[in-house]
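**Student:** Starting from the given sequences, assemble the full structure and let the hints guide the process.
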Amino acid sequence: MIPEPTATAASRPSEQNENSQDEANSSGAVNHSEDESGNENRQKSVRRRKRAHKGSENVKQKRAKAGCSGVRRAGGSPRKKRHVEAVTLFEVITMGRSAMQVVIDDWIEAYVRDRDSSLLDLISFFIQCSGCKGVVTAEMCQSKEDTDVMSKMVEEMDEVAGLQYKKFLAFPWILTVTWPMDTDSVEYPLIQSGPYGRWFHSEFCDFVSVLVAQCQHSVIFDSYLMNTLISLLTELSNSYIRAFRHTCTLAAVKLLSSLVGVALSLSVSIENSQKLYEVQKSKTMRQKSTLQLDRIQKTITELQEKRAEIESMMDIVFKGVFLKRYRDVLPEIRSICMEELGLWMKRYSSAFLNDSYLKYMGWMMHDKIPDVRLKCVLGLQGLYGDPLLLPKMDLFTSRFKDRMISMTLDKDNEVAVQTMKLLVLISRTSDDVLSPEDYKQLLQFVYSSQRPLAATAGELLYSRLLNTVAPASDTQDEMNEEETHKQQTFIKLKALLQFYQESELHKHVVYLVDSLWDCGGALLKDWPTLTSVLLQDPSSQSPGLTQAEQAVLVEVLVASVRQASEGPALAGRSGAKKVMSAREKKILVDDSAKLTEHLLTVLPKLLTKFSSSCDIVSSLMKIPQYFLTECPEAENTQAVSSLMTEIGAVLELHSDPAVLEAAARTYLSLCGEETAGCSTARAARDSLVQRWVDHLTALLGDSLKGDSLSSDKEKTGEILATLKKLRAFHNCHDLSRWNLFTLLSPLLSVESSQGGALPEVLSEVLQCLCYSMLWSLNTSSETLTSREKAASQRLQLRLFCERGHSCLSHSDQEVRQQAFLGICDVLTAHSYQLHVWDPTSFGPLLYTPSPKLQRALLNFVCVHVFVGPDCDSQGSVSENSEVERLEDLHKRRNLLAAYCKLIVHGVLEMSMAAEVFMYYRKYYNDFGDIIKETMYRTRQTDKIESARTLVLCLQQLFVRLKREQESGGRAHPGVQTFTSIKELARRFALTFGDLFKFRECVVMIHRNSIEFVFQEFSQTPDTPTPPYLSYLTILSEFSSKLLKPDKKTVLSYLQKHTAEHIINLREECWQPLIYYRASLLAVAEGEDAVSYVSSDRKPHMPNRSPFSKQKLEGGKSPCPSNPADSKDNKVHRSSFSPSHQEKTPDMDPFSVPVEPPVKRLNIEASVLSTGSEADEDTVEIEL
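Our numbering runs 11 ahead of the 1-based position in the sequence shown.
None of these hints come from the bench; they were simulated from the model.
Don't take every hint at face value.
As the list claims (entries may be wrong) - Restricting the straight-line Cα-Cα distance to at most 27 Å, the calculated cross-link-like pairs of lysine-lysine (BS3-like) are:
#1 LYS1055 x LYS954
#2 LYS633 x LYS616
#3 LYS432 x LYS588
#4 LYS536 x LYS432
#5 LYS863 x LYS902
#6 LYS596 x LYS536
#7 LYS412 x LYS432
#8 LYS379 x LYS330
**Tutor:** In structure tokens:
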């Protein structure tokens, strides 16, 4: 906190104050304390009003206040004034605006009696508002031009005393502020977080405005108050202390804003006086009074002089504060300056609205801080919104138009939105400012991902292109109001369709409708007119729409129906309201009722007209999904039947996936329990499915003979079309009663050599069987009423997995992928049903996939998902190939996710994920999120087994690399380099965030890996080191995740496995062991292995022969409790004697036990420091 000031200034009686000009320089002190005298109120012990605010830096203390150092709270008769509570000006901020006016009036009265003391109170107020708790001293000055005085204006610091000094001139005062040096780094009131900072900002600004408002008819023109105040604020706003600069800049610009209000009131008074003068002047000679005219003229002159004086004050503040601070390093100060500048230009345009002031607004639109740019844009909105100010903006508009257009691409969303609103305002007031190229660029923002920006651009589009009036025609008088409305709507729709087609973004109709919804909702919700335009036949008088325009208009119709039914929530577009109000919900319900009532009867006609167009029909059939379920019109059985009939007729003509999916979802919506007319829709659906099943049964009966499928091209096409329809409906509806599994499963056993089914047919069959199994598993609680049915279900599950397993090796890739996805989905659903099964009733029986199938699934993932890295970069040649690459990546991600679900749900062993985890680093950009989520889910299931899987993954990679190096053959694509394996281990280690939670896992990783390195190793002259010793370097990546208590455990476990071997530390082959041991020791000191090995903690390995161990018996010491103690004794590391070893608790990273491991009493604590014989070549250490 910046310290609270105590103002010290000259305390003089009023009679001394009159003779102050006779003194050369006098100084004194005024302290806010109870011990000082100089005014009768200072001698009173009064109670201060406290305001509870936790963390406030302005701690209020009890003080007695005078008329100059404090003011009385207003109210009560003069007799009771001695009992009225006295407060400082700084305390006034806590009392609200009404109390502020009364207290300032009291201050003005005190100022009239003793202006110097009152000014010192005001000066102290601004120092306090800056958060300063320092000391203010003041001395009188006779002349501003005194060179000795000006040389004293300094701002320096005393590092010895820890204080900062600022001495400045606030004529006739020379003020010195002293405060601690460290106060610039703490918070002051204006920047405090939370509601207090915002409240203080508001109250502080109100105080300045109230002060000027209360003084405007009295002391403001005494050439003393404002001169001193402006001088004070100007000097403090130039301080390098942030608190002074920020607070006083805010006070100065608010002072100028208040002076603008005074100047405006003076201008109004001058105007009224001039009107009165003209009225008096126009009277006849008998009525005219010369004396009154002179009095009015004198009043006008006085008002003009006052206004000139106010404008002079404004000019001084502008040049002394604004010109120096509008480019301040602090963004908050720049924002304040720009915000107030816009206000000055709008309120007092005669003085401020010219190019010399507008240029600052244009320059600061290039500021790097978004808030500064935002304040500039908001200020310009106020200027362009006033038609009277537009003529003065021409030059600015021509100069900065390009910058305003470019700011619509601002990285800050709010700046971009407000800039677009500014341009909409400009386009409405000035038609010739924005060129057609500018409009073309701006209108494309209707497709923006930010809804506020898109909605504002939609407002520009609607006002520019759509909100037009149809040209008058000769027959217009003969048309009625409805026809006129249709003609107007048709013109607007034509313009909208033209804009959409010219924008060349043919898949974004829904975004265009969402952008226009707020401003053009009446047009888009005019469904009777939209449908009448679509149903209208072209004629000679009305050419109508082209086929392409009809397709786009249908998309607009569907998008408007969706928007009216679901609201503005749209995938891929942010910024919309997440919670709707009650009024908005009511509007949605009303709109849904209207569209249901109208489109339920009109939609069959549209389907009939456009039944030949696949794209239009697929869009139209989405409309019933947005019908209101409880609408009374939906109970009209005849309308629902007509709609079902037309949909059925369309399905007989088309088998396109988009049409079938739309139809299946529409039937699902209409067949719901809460939907009116659901019985009619269900009957129509059942009739369709029954017809398709009967037709498919007849076709298969003729074509499927034994194990072969023989059919001509026409029959195969019919089979495929029927399968597509059944597959699309089976995805949304439960068709179990038609027993499609029994009907279609024989197609999977047909051999290709004997005339197998086409790949397209097999793919559809696999999907149908998968959906059949999923529905059977999903309804197990209802359908499995006996053990026989459960056994039958498990038999179907086994049959599907076996047939799907055979399809994994099919020649067609689409069939292989569909078989893999089907098996994974069914096994996942079966596992889920086993978990949620109620034991009190019959449920699905346990089924475990065969080991052969598990290996086939794993091999499929490795072959089809993790393809070579070159394959990922081949598709960047053209746009089409890039699209194909992304589609292929999406398919591969689906395959990997399906396999990972099997592991997460326990269908496959967790160790089967080791092969997937191998590619975590190599394919991180493509599949990193899926693999990481799999790690997270498996740890939730069993964190120890999950950690064991990571170890298995690293060990398998290391073994493959080792075999590849030993064979000396060409590098295999599946083999990763040692550096890659080490990096993979580092990334695995990073996934262990909570060290306490995964403590057991990390220890298990170290123990398992140590066993992996030293298991079944017998040291011989030919094999002095374990073959997998270098794996310890990879293991060291997990050392940083060990807790300090676990360090000794892992070290002792390592010593246990190395105790039987002779280790030569001078040989390069043992470096991995040294590195790993160093990484374990570095854990306790917060270092890594490399820094530990390379530091002076690296032990000096003396040359010692095995028989020299006898000399070291006296040097045996326990394991050190803190390796950091070595810092105090590292000087003795190079040459240790036994005496040194007894006194020093340090030790080698490698301990040298005196006795064999069998005879040691404490294996974990057997650490021995080595001696200093330099004549030996090697050290043989038994661990």
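**Student:** Against each hint, give a clear statement of whether it holds in the structure.
**Tutor:** Hint by hint, here is what the structure shows:
1. LYS1055 x LYS954: holds (21 Å)
2. LYS633 x LYS616: holds (15 Å)
3. LYS432 x LYS588: Holds, because 19 Å separates the two Cα atoms, which is no more than 27 Å.
4. LYS536 x LYS432: With Cα atoms ~25 Å apart, LYS536 and LYS432 stay inside 27 Å; holds.
5. LYS863 x LYS902: holds (24 Å)
6. LYS596 x LYS536: holds (16 Å)
7. LYS412 x LYS432: Between LYS412 and LYS432 the Cα gap is close to 14 Å, so the pair holds against 27 Å.
8. LYS379 x LYS330: holds (24 Å)
Violation of the numbered hints given earlier is absent; every hint is satisfied by the structure.
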